[in-house]
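Asks: Chains as they are written, first to last, in this note's numbering: chain A, 487 to 807; chain B, 25 to 434; chain C, 963 to 1262.
By construction, these hints were calculated from the structure, which means they are not laboratory data. Watch out, some of these pointers could steer you wrong.
Stated by the list, open to error - Per label pair, the in silico range of CB-to-CB distance:
| no. | chain 1 | residue 1 | chain 2 | residue 2 | range |
| --- | --- | --- | --- | --- | --- |
| 1 | A | D723 | C | V999 | 38 to 44 Å |
| 2 | C | A1067 | A | A592 | 55 to 61 Å |
| 3 | A | A592 | C | Y1232 | 35 to 41 Å |
| 4 | B | T299 | A | G667 | 56 to 62 Å |
| 5 | C | V999 | B | R420 | 58 to 64 Å |
| 6 | B | A303 | A | A592 | 56 to 62 Å |
| 7 | C | S1150 | A | L501 | 52 to 58 Å |
| 8 | B | Q66 | A | N798 | 37 to 43 Å |
Claimed, not checked - Part of the chain C face toward chain B, derived, beta carbon under 8 Å:
| no. | residue |
| --- | --- |
| 9 | A1115 |
| 10 | Y1146 |
| 11 | V1172 |
| 12 | D1175 |
| 13 | P1177 |
| 14 | P1182 |
| 15 | I1184 |
| 16 | Y1185 |
| 17 | V1187 |
What the hints assert, rightly or not - Partial list, derived from the structure: chain B residues whose beta carbon lies under 7 Å from chain C:
| no. | residue |
| --- | --- |
| 18 | M231 |
| 19 | A235 |
| 20 | F246 |
Glycine included, each C-beta is placed from N, C-alpha and C at the ideal position.
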Amino acid sequence: MSDPTSPELRAIKNLKQIAREEFILPGTAICGGCGGLAALRLAAKVLGPKTVFVNAAGCFTLLATFPYTPFKGSWLYTTMASAAAGAQGVRDALDVLIARGKVAAADDVEVVVVAGDGSTYDMALSATSGAIFRGLDFWYFCYDNESYGNTGMQMSSATPYGARTLTTPVGEHARAGTEHGKKDLFEIWRAHRPAYLATVSPRFPIDLTNKFLKAKQLRGPKLFIAHAPCPTGWLYDPELTADYARLAVETGIFALKEAVDGVVTHTYVPRRHRPVEEYLRGQGRYRHLFEPVRNEEAIHKIQEQVDRYWANVHETTGAAR
Amino acid sequence: MTQRTLLTGNAAAAWGARLADVDYIPAFPITPQTEIIELLAQWATDGTIAGRFVTMDSEHSMLTAAGAAAATGARVFTATSSQGLLYGFEVLYTIAGWRVPLVLVNVSRALASPITLEADHNDILSARDSGFLQIHTETCQEILDTVLMAYRLAEDQRVMLPVLVNLDGFTLSFTREPVELPAAAAVSEFLPPYQPHHAFIRGDRPMAQGAAVLGGAAYSYFRYQQHLAQEKALAVYEEIAAEFAARFGRYYGLVEPFQLDDAEYVLVMSNAFATKGKAMVQHWRARGVKAGLLRLRVFRPFPAAAIAAALAGRKAVAVIDQNLAPGLGGITYQEIAAALYDRQERPPLVSVIGGLGGKDISQGEFEAVLVALQQAAAGERVPGPWLLYTKPEQERMRTLLQIAGKEVQA
Amino acid sequence: MLRIRFHGRGGQGMKTASRILGSAAFRAGFCVQDSPVYGAERRGAPMAAFTRIDRVQIRERGAIVRPDLVVVADDTLLTDPAAQPLAGCDAESTVLVNSTRDEAALRQEVPAYTGRLLTADFTAVALATTHALASLSTALGVAAACLVGLSLADSLAGLDDELTESHMSMAQKEANRQLAQTVYAQASSWAPVREREDSRIAETAPLVEVTFDPPRLAGPSIYAVGNSPQRRTGNWRQFRPVLQVERCTRCWICFVRCPEAAISLDAQEYPVVDYDECKGCLLCVHECPTHAFTVEKEVR
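I would like the entire structure built from these sequences, with the hints used as guidance.
Replies: Here it is in structure tokens:
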């Protein structure tokens, strides 16, 4: 927990207040145009150099590929299911070593889990639940590319309805590709009442930066779900990553929000949402919804889900539509 | 000051952690290990120990937290058993690959299915290729002493690998025996605080740990280094054992020879049931049979030379495995046979399976093993693996099958 | 046996090219093996794929060490230390490079290479026919099929096998078939690759004993933090963003949105692209509100 009165923790208002120093350097094995890395890079600018990233198996495991690491801080790869438990071990060890005078308090680090949605939404759910339950003072950064991306784009429980993946192909028995709806991790995590919980997008860097700045003043679990457009898996040109990140927010598919002690605030509510079709169209994973014949039912269903979500938001917050 | 008291095997393990002044104990309960973590929880709560105790959400998480804390630079203790060890299994390989020290006590319990509670060694032996060192214990005193020695071994720069210390569920875990508690001051001289030189997480010395490697050449190097460190650990262990004996008066070798000097017929056993084997050896000796016993103690690294030296030239050797690899037989039998393969005077080996799921090995069964040893010595082939199973046990089993509504031939 | 090695970057379709060749040879009745190798690197990173063709069962596995034919997806790979497309090539090898440059220009880059070097601008042909960069796999797969002496019919059959499994539109599939015919006709002017008579095993390196190292060395840990720029992922790039300073308003958008931290700001807050590292995703080009970046094809 940092001193909230410190000037560098005040909310920023424009891009030029984003730190120029880099804490994750280039030269990694990650795909060009990776939306998850774009978000993590911005987060790292707030977290600073005294940080350990505790990783679960996924695309970002390749960030530190022997003998190279892009981090100025530390890194620990654990397993796919237990990065949050790894964070627990590191945090507890540092607390004890500092208390026993074996490590100087000045050499403490921020402990940050970095995991993809495959790990986070599926097999790591219980380990993370445990860490939140224990009130662990740690960060969790989930780069959500809505699939098992590292293994080549198979369905995870973060894959949205209508997206085609290699394990939810389109066929006679599944016209929409993925037939399940995306698991609502935000609400699952929120039920634990963590100190801080937010969604972030690499295309909304001020919002992202301010959320990390806010969280830095809090002790306890600080959890982030980063929308991570994935050119390789979602099948679009890498230069369009920021476009899809923006469209996800502007169509209302990805809501920018936070929850402090469980109380939700939407941090950006577009005055009018664009039709979801603008986000879907152009991504290869949704192509089957538009050609050879338009799957009106599926597109409508996606739009309806989004509309229902926001109707509920407006109802509960009393905000004007 | 040294103190003598009655302790269960579990309490002895907890005392080992306490005297080792561990920094961190992530835990998750499983029968028959619970008493270990209950004691440590109490001591951490009332300030008896300085280390932090945390209940995790699974053994997988527990082992991850344990390894991560060791990678941060803390001295870590934890314990599990059976299904728990298997639930956290991948993490064993992970921690060994990180090359960080910790001590993990396993309280042996047979593996499901069928789920059961009492001891056999399929759980601990499943971890034999993980990179962890393994030491198997026979008495409550040995448990405590071994935990202390294990930290020295794990933290030695020539080794720097985690250690599993095994004790049998029920037969040791819940059994009280007199145990001498070494004085804390003497222990801290024997076991000074852990000083990490290669693996730490702290703001002033950033490093990446557990990085992915690409390509078999890099992987081969790192994996083979674990083997080389284990090989080194044989000599390091002997140093530590000698120093421990000098300080505390108790010597534990890589293997324990029992009345082996002139023994013609030898039993090879491990863990708590070795006590029963020793009693039989004495019984046979009184009858004029030159019997002896070799107890396996350090199982990883595998002390092949010590075992071969102890067994070469005997009339016959029975390896009693309290485990079973279906489709193969006894696990330690295979390894002992391999250790003897290039010896000129290799004795006939009898492969015996006994004590699965904690089943007793009665005197009558031991007597049958002796008969088999004498037959083997006379050149008769004794087919194995041979499961020790008595007629009353079989009759009782048939009754149970009948009660369960199964068709049993009269 | 004929051993064909394809070099490309993840996303360029060289795995598909190796499969088109494999399928074509299979259709022609040969014993075939094809396989890609990736590092963990992704889209844009150098990768290789292998196709083996023989009349009898193939008793080789893994990477091709001494290729008869090497197909290189773009000339920036020729001298790439990570890709090393000419490794194991000799006077009997054929190297086919997709390039806008001629043989003489390419030979200057690889003076040590003494074998046959063929070059053509397959990207241009592919774009002219299909308007899709992805069809480079069709062009190079079919060119290789022609070079190893497979018929046009078998080559098209092999292509069809691959297209069946793709999610391409019908129109695109047809365009790819047209492209195949064009490329095949073009490649027919080259003499086919001949099977080597000599099949000796590649020279073996001496064996060493791996000995104990202390734990600081013996684990996969890294003390030289922040050393990833040494990898120089700039070699992934096929197109480079070039700043036209006069159009730049110093708004920071490219700097903030670059996923890679490959754009920094100079003292006057103008963006500076680190070409040693920039992977060429071109997100900066697309995002720039004043269109201050232009795109140039890489020539190394």
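Asks: A separate judgement is required for each hint: does it hold in the structure or not?
Replies: Evaluation of the provided hints:
no. : hint                          : result
1   : A:D723 to C:V999: 38 to 44 Å  : violated, 25 Å
2   : C:A1067 to A:A592: 55 to 61 Å : holds, 58 Å
3   : A:A592 to C:Y1232: 35 to 41 Å : holds, 37 Å
4   : B:T299 to A:G667: 56 to 62 Å  : holds, 60 Å
5   : C:V999 to B:R420: 58 to 64 Å  : holds, 59 Å
6   : B:A303 to A:A592: 56 to 62 Å  : holds, 60 Å
7   : C:S1150 to A:L501: 52 to 58 Å : holds, 56 Å
8   : B:Q66 to A:N798: 37 to 43 Å   : violated, 48 Å
9   : A1115                         : violated, 40 Å
10  : Y1146                         : violated, 37 Å
11  : V1172                         : holds, 5 Å
12  : D1175                         : holds, 6 Å
13  : P1177                         : holds, 4 Å
14  : P1182                         : holds, 5 Å
15  : I1184                         : holds, 4 Å
16  : Y1185                         : holds, 5 Å
17  : V1187                         : holds, 5 Å
18  : M231                          : holds, 5 Å
19  : A235                          : holds, 5 Å
20  : F246                          : holds, 5 Å
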